[in-house]
Structure formats: C-alpha cells, structure tokens
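Read top to bottom, the protein sequences are chains A and B. In case it helps, the working numbering puts the first sequence at residues 2 to 296. In case it helps, the working numbering puts the second sequence at residues 2 to 296.
FYI, nobody ran anything at the bench for these hints, they're computed from the structure. Incorrect hints may have been included.
Just so you know, same-sequence chains aren't split out, so a pair can sit in one copy or run between any two.
In silico lysine to aspartate or glutamate, EDC-like type, Cα no more than 16 Å apart, as pairs [said to hold, decoys possible]:
| no. | residue 1 | residue 2 |
| --- | --- | --- |
| 1 | Lys-168 | Glu-225 |
| 2 | Lys-259 | Glu-15 |
| 3 | Lys-3 | Asp-100 |
| 4 | Lys-3 | Glu-147 |
Protein chains: 2
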Amino acid sequence: MKLAGYGEDRLVTELVANLRHFRKEVAVGPGDDCAVITERGSRWDQLLKTDAIVEGVHFLSSAPAAQVGWKALCRAISDIGAMGGEARHALVTLGLREDVSVAWVRRLYSGIRKAGDRYGVEIVGGETVRTPGATFVSVSLAGRVERGRAVLRNGGRAGDAVLVTGKLGGSIRGWHLRFHPRVSEGRWLGKTGWIHAMMDLSDGLAADLPRLARASGVGWRLFEEVIPVRRGATLHGALTDGEDYELLLTISSENLPKLLKNWSRHFPDLSLSVIGELTPEMHEEPRQAGGFQHF
Amino acid sequence: MKLAGYGEDRLVTELVANLRHFRKEVAVGPGDDCAVITERGSRWDQLLKTDAIVEGVHFLSSAPAAQVGWKALCRAISDIGAMGGEARHALVTLGLREDVSVAWVRRLYSGIRKAGDRYGVEIVGGETVRTPGATFVSVSLAGRVERGRAVLRNGGRAGDAVLVTGKLGGSIRGWHLRFHPRVSEGRWLGKTGWIHAMMDLSDGLAADLPRLARASGVGWRLFEEVIPVRRGATLHGALTDGEDYELLLTISSENLPKLLKNWSRHFPDLSLSVIGELTPEMHEEPRQAGGFQHF
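Let the sequences and hints guide you as you build the complete structure.
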C-alpha cells in the first residue's frame, strides 16, 4: 500500500503506538505540539519540538528565501507557544539541492536569524546536507515552561468555550510565509492558569479542533457564523486552508469573561474569539471532514 | 554561484559567523559535535544535536529500510558519544515520497525504534511530511553530560597523541548502515578526565582530523603505517571514505599508557590505536586534502 491516501494521522498513530516508553522523565511524548521532559529538582520542564518544511509542499521555489527561513523557524516557535512555553535554542538542518545558489542559502539563513533574534531563539547548531530532491529545512527547537505548567491538548472539558486568536483562512496569499508565532500570547495564556487545552492551528480548524477534542475525550461544536475569517478568505477556507499559526484554546465558561477582559488589555491588536464549545459526546470520525492532510 | 563546488565547511563557517549569541547559557554553539547548554543549579549540561540522512546521498533506495532507520538515529547518538555524553530523547522527522509504501515506513521506524531501545534513547516526538523529492530522515537528539565535562574538539594540545577506536575505511560495504555508535566508549573516555579533544569520524580522517586540529589551534601528523584499516579497505579509503563513526581523540603522552591499559580491560573487543600526534604549527589549508565533502 502506498502512502498517498493512507492518511498522515493514521500512519503517525500507528508508528507511535509501537514506541516503548522507558524514560520516566518524559512527561509528554509524541502526539502533542511538543514533548515535555521533567528533570528532578528543576523548576522548569523542557519542551522539545521538531518541524520540517519542504520545497513544493510548504514553500514554492519562487518564494523569497528570507521568508522561507522565517517560516521554518517560526513554525516550531509557534508550537512552543502553544504549550505556554518560552522558545530558546534551535538546531537547523538545511537539505539543499546542488543547483541552489549560495546567495539563496545566505538569504534563507538571514530569515532564520531574523526570526531567532525577534523571538529570543539562539541557533546553537545544525548542518547542511545535499539532496538530489526538493530542498528542505528541518528545525528542532528546545524551550521551557514552568514545571507542570505546559498546556496540553488533552485538558479540554465538556462545556468549555473554544477560542482562537486572530483570523483564519487564506494563509497561502502571504501569511504562511510572514506570520507571527503567538508565543508571547501563548505564554501569557498559560500563565493565567485558566486554559484547559491549547494547540496551534497548522492544518486548519476542521482538522485541528477534532484532534484537540479527541485528545480530550470530548466532542465539539463550532459556531460557524462567528469564526473570524481573514479578509479575502471564505468560511470554508477558514476551516480548511491551514497554516493559520493561530492558537486554539479552551477554557471554562466561568473563567471566560475575565480572560477576554484581560486579553484585550494585554493584546489590544489581536482578536481572541469564541468560536464554539466542547460537548460531552465524542464524535465518531476516523478521518476529518476537512483540513490539510499531508498524504 | 552554485553550491556545488563551494565547499560545505566554507558555507557553514560563513553562515555561522553571522549568528548572534545572546543566550548566556549556551556554552558551546555551532561547530562542535553537539551544542552544550548549561543550566544554573543543574549538575548536568544538556547536549543538543541534529542530523539528517537523505536518499541517494546517505542511503540508496534499495537499502533495507530498517537499517536506514538504525543509521538515522545512530549517527546522532554517535555525536553525543563523541562529547562524552549520554543520549536520551529523540525527535524524528520523516520526509516521505508519496510513492513510498506504508510497509517501508514501518520497517524504517522499526530500525529507529531498535536503535533507541539499544542505546537508551526514547523517541519523544516527530512528524511526517510529504516530499516531492528524495526521502529523508532528520533526527534531533537531546542528551546530557556532567556539568563542564563535555569533551570538545578544541582542547587538543601540541604533543598530544592522536587515537582512533576501531578500524577505518570501506564503510560503504555495510558498516555505514549497521555501525555501533561509540557512546558507551565515549562516555567512559570522557569520565577518565584525560581526553583533551574528541569527535566522531563521519567524513573521513583526512577531513575530520584537520577540523579537530584547526579547532584546537594546532597542527597534526599521521603515522600512516599504523592506521587501522578495515579488512578489504585501503589506506586511502581509511583516510577518505568517511562514515566510520569511530571516535577520534587526543591525550597527553603522559596519560597515554594508563589509558591504553584501562581501555583494553573495559573494551577488550574494540581496538584503540595511536595513529598520530598534534604538532605546534597549524597547517595552512583552507580545503582538506581528502574526505567526504557534502558539496
């Protein structure tokens, strides 16, 4: 059986199911935005994330190289933010076609560097390899969060309000190369102590919300009329385009009013919208209704 | 200017030179086998490494998938070993062609898993992405070493004896897919406190020894007649084939006898050979005489 059509979630679920867990310091393994490692005696938990972007899939050969570099690092930073963490140290692997120009690589790296400087991430290592195929950038990122305070996907509860930051859809027209990872927002949200579950939106709300709900063992309902749609995008796009890199989070209705009030004071320029709720019954849907599927 | 012919070392040196270093906890950044992160109050330093292998460069499409997986993880483990560290948590990114079979991916992953189980590394996360080009496996690995005890490349001193573990050359006939990373050996060597500089041999002695010497600000001399050549390989191959994944290390001549004596007691099945010495004068050679160049 070929990968095409098999489904990324299904493949990953299967591969991960066979992994052995023998290191007791691993608090969260595969399946969330980041892995969480707890060290005895430390007031911090470590967050580990890896992410790759590939030419022809996540960026076109014609895309400005500096923006490709920015995107490569910011995608991983977004995942650290979605745990309520602080991004710190990155390793960058460049897989380069031989006919790529040295100038292109320099611009790519300048974009990576710019993102690192902007978000406090130091590039501590990496490597370059040649590839006969598509150019790729693989980033791994280490971050941290106060011990036991990582916000996971699986903490959602029936009755929770579902919220998103910013606007969704139409990312392909430029946002996907220039987005701002919501890391200070995620960190602030985590510190409130009110957020039950959080993740970043990379494959589109229609794929990602069911993932959060499944991890939490609950169902979900969307209020489609209030989903914040990016100018020029459609509701369908807001659900399925992907690459929004906004935060998806849930909170009890009790804490919702004070969250919204404090949010607008701290982040006056970024919307935080209630778009649905978690429900008691889990949906039965082995495959999502929409959203980006890698295979 | 195209990458081909530009030289990997030159490109990497240039990219790295522009990086800003603003995180004071970063004890060692790019340029060694691993990055070293020091945390206040911890008795451990963290080691971070990333490494990728690409179809058509590091493995053939026809290579057994389980061995490809083994190789992918073991390369990174080898780098942790070369710092005297302990390998712990891995993130694995698979870049897969759509026409790859699900069975192939399962076998690949079983090889990764086997290497993890063998060397105490837990797979804590990762992702799969589609690629229109060559399949790749990108691994990032977190490890640790007792605080301040990482063995770097730059500690070599003029007069040091230069040693290697095992035999060199001819890796392409199978060793490169089945090798045993020298992580327990590296850890033991680091703990002796006698090793001035250490790295793993990935691009061949003719490329890697000059790197160690340059980092240490010294020159080097090889005793070619005593270089341990793998059965069926040539001296030239031992110098330039690459992918040996043996340890290259230096030690003062004073400590050499007791090292050799203790080594043979702890590792009776693996040779440790004196193959040269470090000399006072740095060589002038912007490009290596041999060894594997990625571009």
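> Given a CA cutoff of 16 Å, do Lys-3 and Glu-147 count as a within-copy pair, a between-copy pair, both, or neither?
Replying inline: Classified as neither; 43 Å inside a copy, 46 Å across copies.
*Which holds for Lys-3 with Asp-100 at a C-alpha limit of 16 Å: within a copy, between copies, both or neither?*
between (30 Å within a copy, 6 Å between copies)
* Is it within, between, both, or neither for Lys-168 and Glu-225, if the alpha carbons may be no more than 16 Å apart? -> within (13 Å within a copy, 65 Å between copies)
- Task: Classify it for me, Lys-259 with Glu-15: is the Cα-Cα distance of at most 16 Å met within a copy, between copies, both or neither?
- Result: Neither: 41 Å inside a chain and 50 Å across chains, both beyond 16 Å.
Hints 2 and 4, counting from the list given before, are not met by this structure.
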